[in-house]
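Quick note, the sequences are listed as chains A and B, same order.
Heads up: take any position in the first sequence, counting from 1, add 4, and you land on this note's numbering.
Heads up: take any position in the second sequence, counting from 1, add 4, and you land on this note's numbering.
You may find that some hints are simply not true.
Straight-line Cα separation of at most 35 Å, DSBU-like style, residue types lysine-lysine; simulated pairs [unchecked claim]: (1) B:Lys69 x B:Lys18; (2) A:Lys69 x B:Lys18; (3) A:Lys69 x A:Lys18; (4) A:Lys18 x B:Lys18; (5) A:Lys18 x B:Lys69.
Some, not all, of what chain A presents toward chain B, calculated at C-beta under 10 Å [said to hold, decoys possible]: (6) Glu10; (7) Thr13; (8) Thr26; (9) Thr30; (10) Met83; (11) Val85; (12) Cys87; (13) Trp93; (14) His104; (15) Arg113; (16) Asp117.
If you are wondering where the hints come from, they were derived from the structure by calculation, not from laboratory data.
By construction, the Cβ of each residue, glycine as well, lies at the ideal position given by its N, Cα and C atoms.
2 protein chains.
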Amino acid sequence: MSDARETGTTLDPKYDAAGLVTAVATDAATGALLMVAHMNAEALEATLTTGEAHFWSRSRARLWKKGETSGHILRVIEMRVDCDQDAIWLRVDPAGPACHTGAATCFYRRIEDGRLVRAE
Amino acid sequence: MSDARETGTTLDPKYDAAGLVTAVATDAATGALLMVAHMNAEALEATLTTGEAHFWSRSRARLWKKGETSGHILRVIEMRVDCDQDAIWLRVDPAGPACHTGAATCFYRRIEDGRLVRAE
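Model the full assembly from the supplied sequences, consistent with the hints where possible.
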């Protein structure tokens, strides 16, 4: 791990072999974890430029603006990067449910005694 | 994506080719994103059994209890799984700084105008 990457002021994402970093979106108002996705350089650039979350869809192998179909965009309030720059944190204002299932968050089930329980 | 995995009550993590899911830890009290790491089945089991966060270290290729050296363990308050069960959310009570750099969170730098700015 390079010190410059940890301590510096240069945005220098550590993309994995597939050219991706992990992107984590939380609700800026509530702190709830909304979704975990991935960004390539193009998605990161589009997010920084537009202020709306873009990701790289691994299953569809294309750039994907969150909410492009549903309208449930994620407006970026703040973006942060972690120590080794292989993860991005987006604090967002969601325009609607973040999950394609219609749930407010993709994390709608708690793990309890090894089973899943609907949390909201 | 199987419907059972999305809607069911069975914990059935969708491990990637390396046997890992993404694990995201947030501070249960403040909502701050503390760190992003990975879990294999063993790390998930150890976390569920002990109530303390365990991860799989990709760089060291071994099970890793967060805080095993520093004492800065993450006590699990709640665990959730996302829609397609390839990510785990841990809401935790951290015993100390979560980042190996000594910062409270690994996400100690904001992205501003393409540069990194110390956030805390």
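Requested in this report: Enumerate the violated hints, using their earlier numbering and listing them in ascending order.
Outcome: Violated hints: none at all, because every hint is consistent with the structure.
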